[in-house]
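Visitor: The lines below spell out each chain.
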Amino acid sequence: MDDLGTTTPTTLDTLSAEGTPARWWVAPLTLGERMAGPILGAACLVVIGIILTSGSYLSTIFEDILIFAIAAMGVDFLGGFGGLITLGQAGFVGVGAYGVAIAEVHGYGPWAATGISLAAVLGLAVVTGVVAVRVSGITFVIVTLALGQIFWGLGYQWTSLTSGDNGITLLSSPSIGPWSLSSTMTVWVTTFVVFLAILAVLLLMVHSPFGLSLRGLKSNERRLRALGYRTGLQRYIGYVIASFVAGIAGVLYIFSNHLISPATLTFSQDGFLVVMVILGGLGTIWGPCLGALVVVMFEQEISTYLARWETLMGVVFIAAVIFTPGGIAGLLRRGRLALTRLATARRRAKPAGGPAPAVASATAPNSSAGDALDAARTRGDGDAARVTAAPRAPSEGDR
Amino acid sequence: MSGAGVRPDAAAPTSRPSAGGPASPPTLEGREVALELDAITCRFEELTAVDSVTLTIPAGSRFGIIGPNGAGKTTLFNVLSGELRPASGTVKLFGRDVTRMSAPERVRLGMGRTFQVVRLFSDLTVRENLTLAVMGLSRSKLQLLRPWRTYRVHQALAEELASSFGLRDRLGRTAGELSHGELRELEVLLALAVEPKVLLLDEPAAGLSPAERVDIQALLRRLDPGLTIIMIEHDMQVLRGVVDWVAVLDHGELVTQGPTAEVQRHERVRELYLGRAAAHDGAEHLGSTTS
Ligand SMILES: Nc1ncnc2c1ncn2[C@@H]1O[C@H](COP(=O)(O)OP(=O)(O)OP(=O)(O)O)[C@@H](O)[C@H]1O
Ligand SMILES: [Mg+2]
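The listed protein sequences derive, respectively, from chains R and F. FYI, in our numbering the residues of the first sequence are 1139 to 1537. FYI, in our numbering the residues of the second sequence are 316 to 606.
Hints may contain errors.
Only some residues are given here: those of chain F computed to face chain R with a beta carbon under 7 angstroms [what the hints assert, rightly or not]: (1) 414; (2) 418; (3) 423; (4) 451; (5) 459.
Listed next, the stretches of chain R that the computed footprint assigns to chain F, with coverage defined by at least 3 CB atoms under 8 angstroms from CB atoms of chain F [what the hints assert, rightly or not]: (6) 1357-1369; (7) 1411-1418.
Calculated from the structure, these hints are not laboratory results. Being a predicted model, the structure only gives us computed values, none of them experimental. Heads up, the beta-carbon is just placed ideally off N, CA and C, and yes, glycines get one too.
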C-alpha cells in the first residue's frame, strides 16, 4: 500500500529466489473467477427457495434438510473451527422441540412456548457447558455424547413430562397477522429465512476475532494460552453458541413436524449430524449444508428402495473420508482450483503484453487477489498448500 | 556425576545476598525485581527436574540460563510461565505471588514466552498467527461479530511486527510452509506481540544458521532496555551477545550464577560443558565456553 514502491525490489528478489511466490497464482484471477463461489452459492439458495415454495413433496424434504443443516452448521462451528466435535447436539435439537411442545401442553401460547424453549436450551447449554469445556479432545466427544444420552434418557423415561415413547404433538403454531406457521408454506419460508440468517451469522462469526481465536484453539491450544487466551472461556462460548443453534433447529423441527419423540434424540441422530459435517466439509459452515442434503436424501429417498440404507450411507461416508478428505466442500474447491489453473494457463499462453501485468500484480502485496488467497487458506484444508506448491508453468514473465 | 562433591564450593557464590556472593546482577542493584523464585522444586514422579532453585532477577536484566541437556531449564520455564505447578516454592512476578496463577493470567501481568520446540498455529497464515498474538491482551478477541475497525488495527500491528523482522512477504503464507529459521523468528514475534515485561526465550537460536543467529541477536538487542529477558541458550556466542548474567543449572540444581565471563571461567561449568562436549558435537561449545 503505502510503501509499495520500496518493497517492489525485494518482492521481486524473493520471487526469483524462492520460486514459489505467495500470491502469484491467484493474482491473475478475473473478477468472474473470484466470484464463482458466491455466485454458485447464491444460485443454490435461489433453487432451494424455488423448490421449497413449489409445494411439491420435495418441499418437505428440503425443509428437513434445512433444519438439520442448521444444527450441522452449529456442530461445524465448534468442531471445524474450534476442533471440538460434539456428539450431543441432537440432544439440544430435542430440548428445543420438546421445550415448545411441553410449554404448550402446560398452557402457554405458541410464542411464549418458543421463548421458554429457547431459554431452556440456553440455560442447559450454559450449565452443561461448565462440565463439557473442562475437557478437550476425545474426552470432550465422550462427555457431549453422555450429555446427549442423558437428554435422550429423560425424553424416554420422564413420561409425566414427555409422554415417553409416544412423544408429544404440537397443539398450536405461532402466527403474526395473516402469517401462521400452521400453513406449510409459511413454515417453509420461515425455515428458509431462519436458515439464511443463521448461515450469515455463523459465517460472520467465523471471520470475527473470536472465530480466529477458535481456529487458534484447534491449531495449538497451549500456544494460545501462552498468548493470554483463557481457552476454557473460548470453548465455553463456542459450545453455548453451537448448542443454541441446535435448539433453534429443534424449535423449527417441532413447528414443521408437529411431533417430537425420543427417536429424534437418539445416538444415531447425533451421528448423522457429525456425518453431515464431515461429509460436507469440516470447517466451512456451508459444507455441512451439502452434507445435510446428502444424508437427508439418503434417509428419505434411498430408504424406500433399500432397507439397509444406513449401511450404504456408511460406505459412502467412509469412501468420502478416504477419497475426499475435505468432504464435498473440498471437492468443489479443488474443482474450482483446477478450472482456475486451466484458465490462467490459457490466458498466459496468449502473448501480447502478458508478462508485464503478471509481474505487476504479483508485486502488489495487498492486492485484493492476494486476500482472496488468504481467504482460501483461511478455510484450511490442504488445497491452499497445493496452490502454492503447484508447479508453475514457466512463463515469459519469469525470464 | 559426583554432583554432591562439587556442590559445597560451587554453592558459595550462589548463596543469598547476605552471604556476600553476587546473587543478582550488581549493575541492576536497587532496581525493581521482575521475577523472584523462592526454592522452586518440580518433580515428575521420581525425578526431581527442578530442585529448590532460588533466583532473583531484577527488572531490565538480560539473564541467561545454561546447563546440560535435561538439567531442568525448560521445566523451570514451564513453572515460570504457569504451564506447570511446582511441587513447592513460590514465583513472584513484580512482587506479586503468581505461583497459583494460570498461564493466561500471567500473560496479562506481563509474561511472554517462546517454546523450545516451536509452537505455532501451523495451519494459519503468518498474518493470522500474529493477529491472534496481538489480540491476546485485548478484549476484542471475544467479539463475535467482526468489529472491522479494531480488527484492522490488530492486523496492522501484526503486519508491522512482521516487517520488523523480515517476515513481511511471508504474511500470506501458512506457518507450516515457513523455513526453520522463519519459524523461530515467528516464535519470538508471537511472544513479543503480547508486549511482555518479562520475556522467556527457550533456545531461540536452536537449529539456526550462523547468519540467522546474527539476525536473532540483533533483534534481541534492539528490544526495549526496560524489558527483562531470560534466555535459555546452549550457544555461548549467542548468549554472550544478549545476556550479561548467567545462571547454571545441572540436575535441577542451581550450580552457580554470575556475570557471563566469570561463569564461563567457573571450573564446574567447564566440567559440565566438557561432559556435554564429549557427548555431542561439542567442539564449538567448548571453544566458545573457554574463549
Ligand atoms: N512432562 C514431563 N514428564 C516427565 N519428565 C519430564 C517432563 N518434562 C521434562 N521431564 C524430564 O525432566 C528433566 C528436565 O527436563 P527439561 O526439559 O527441563 O531439560 P532442559 O534443561 O530443558 O534440557 P534441554 O537442554 O534438552 O532442553 C529431564 O530429565 C526430562 O526428561
Ligand atoms: Mg529445554
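Visitor: Each hint needs a verdict: does it hold in this structure or not?
Guide: Each hint, compared with the structure:
The interface hint given for residue 414 of chain F is broken, as the beta carbon of that residue sits about 17 angstroms from the closest beta carbon of chain R, more than 7 angstroms. Checking residue 418 of chain F against chain R by beta carbon gives a least distance of about 5 angstroms; that is within 7 angstroms, so the hint holds. The restraint placing residue 423 of chain F at the interface with chain R holds, with a minimum CB-CB distance near 6 angstroms, inside the 7 angstroms limit. Taking 7 angstroms as the C-beta cut-off, the interface hint given for residue 451 of chain F holds, the closest approach to chain R being about 4 angstroms.
Of the supplied interface hints, the one on residue 459 of chain F holds, with its beta-carbon coming within about 5 angstroms of a beta-carbon of chain R, less than 7 angstroms. Counting residues of the stretch 1357-1369 of chain R whose C-beta sits closer than 8 angstroms to any C-beta of chain F gives 12, which meets the bar of three, so the coverage hint holds. Counting residues of the stretch 1411-1418 of chain R whose C-beta lies closer than 8 angstroms to any C-beta of chain F gives 0; at least three are required, and the coverage claim is violated.
The structure does not agree with the numbered hints 1 and 7 stated previously, though it agrees with the rest.
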